[in-house]
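**Q** Starting from the known structure of chain A, arrange chain B on it as the hints suggest.
There are 2 protein chains.
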Amino acid sequence: MLVRFDDNYPVTNHLDTFLDESIRLVDESLDKLIPATDVAPSRLHEAIRWSLFAGGKRFRPALVFAVGRTFDAPIEKLLRTASAVEMIHTYSLIHDDLPSMDNDDLRRGRETCHKKFDEATAILAGDVLETLAFQAVAEDKTLSAEMRIVLIAELARAAGTPHGMVAGQQLDLEAEGQAVSVDQVEEIHRRKTGALIAACGKAGAIIGKGDAAELDAISTYSSKLGLLFQITDDLLDVTQTTEDLGKTARKDIAANKATYPSVFGIKESSALAASLCEETIATLNRVDRPTTLLAEIATHILERGS
Amino acid sequence: MLVRFDDNYPVTNHLDTFLDESIRLVDESLDKLIPATDVAPSRLHEAIRWSLFAGGKRFRPALVFAVGRTFDAPIEKLLRTASAVEMIHTYSLIHDDLPSMDNDDLRRGRETCHKKFDEATAILAGDVLETLAFQAVAEDKTLSAEMRIVLIAELARAAGTPHGMVAGQQLDLEAEGQAVSVDQVEEIHRRKTGALIAACGKAGAIIGKGDAAELDAISTYSSKLGLLFQITDDLLDVTQTTEDLGKTARKDIAANKATYPSVFGIKESSALAASLCEETIATLNRVDRPTTLLAEIATHILERGS
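Chains as they are written, first to last, in the working numbering: chain A, 7 to 312; chain B, 7 to 312.
For the record, the hints were derived by calculation from the structure and aren't laboratory data.
Remember, predicted model here, so these are calculated numbers, not experimental data.
Please note that the accuracy of each hint is not assured.
[Claimed, not checked] Quick list of in silico lysine to aspartate or glutamate cross-link-like pairs, EDC-like style, CA-CA up to 16 Å: (1) K147(B) - E152(A); (2) K215(B) - E152(B); (3) K147(A) - E152(B).
Only chain A is shown next, with the shape it has when bound in the complex (with noise of 0.2 Å):
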């Protein structure tokens, strides 16, 4: 694969590479964005980064990089933004594993937060990520108060309610062990994942300055990848093992959640995911700029081993 090469961007033609300087970049970025240990309260800055350092894909961030870079806006552009985004699925992830929540002890390969500390401390690491998300992005110089406010907006809509992320965590929470519909599995699931993904194109677009027509084909885009990052994240659920995923393997099963391999099966779920792929790079064709690098990573959504 070649993508432009530039000054600014994660330089490489090659995907790998690029989702590997979008690990450095946004790592660095979010190292500035969190209190240090040695700032009180200590514990919380902790527990914080105890998460958010755990050595995750950094797929949302990659994201933002990725759209941002097809519509050429300066890296610098994107990276509160992109920190931003990381530490909403976070905090997101920290109150999901809690005991009265999804009650797990293993994430991105090591004890979730409330193990490491204590719940109290967990819910409001929790808590104050998702405000430094917020404060990250009102506080971004690089950006136009218009742009940041349209930003924070979107976020906020993505991670929020009805249409959003805890939205989907409700819906998700209420679906345990009751039966549902092909049409309950997609809404749950474009709420808790699906909204923040398609949240990460759109930002890199408005960034990018992309017009109306670009805005939309990107919203679909990123709509339809965070729907199939969904269904192969079920589908690496019940075929991968803990060690693998570096998160406990086949919890949905054991929570009776509402996943696709659970109304569809293995196979069909499989060949669902081939053809959303298929559909999410024809979404491309709409947007006149370099579009290699989108089409390659629902391409790497789609074979991800995990």
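**A** This is chain B only, laid out in the frame that chain A set:
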């Protein structure tokens, strides 16, 4: 007391009426900003509304209104910010009451969110109230983008870490059962309660376009007011009944919390509160506006019975 009359404001020449009108105004605004209970996920929206519309005193929104009024800001420009502050405050109460935090069954005279619903729903309701707070300001079309950004950053710092509310919560939890110094108690209180109350005053002055000197004076006024509020809160916890408070009385003692009465005793804490109230009112001399209402609010906080 005589406060200036205009068509836009809570119309009153009595502080009590002003406070009642503030409640009515912010409740009306909150009702518009929170999804209805017939919107999915219903249970999430019911839980939010259960805690948000539980008859809170709405002291923080009233302070936004009172300072805004002092600076001649039109009421409609204050509504969403006042609502956002109450959402942040309520999210913190919901999470504070959780079993792994203060483990309380009673709040604002009714069952706490996790008692009425369940822990998972209470965690999500708190999480999304925070999201909705930032969204409310980001989407406030009555304010310029620049002003919205300043307000969001101000609220995030006040609600966050290292100097805001969540940092204070963490320090408070860590201090339980420990011997704490006078400085530590003040430091905890300044962050846990003071920072958000200080932000309310500043927000009113920002929206009312106060100049730098006025903003500084109001910042000092509301910061002192925040500390005064917490000292009287600590005093009420030991002197009032559960019925009067609408929340469990003497729970600070039960949890061995770092409070003013525990460090100074009731008598000296009361004297401290009285002298702090005088200082708070004295800072208003630096504001060349009609500040009678703001002075009366300080006296009201000192003398409040719940």
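**Q** Does the alpha-carbon distance linking K147(A) and E152(B) stay inside the 16 Å limit?
**A** 12 Å, holds
**Q** Quick one, are K147(B) and E152(A) close enough, alpha carbons at most 16 Å?
**A** 12 Å, holds
**Q** Does the structure keep K215(B) and E152(B) at a Cα separation of 16 Å or less?
**A** 12 Å, holds
The structure meets every hint from the earlier list without exception.
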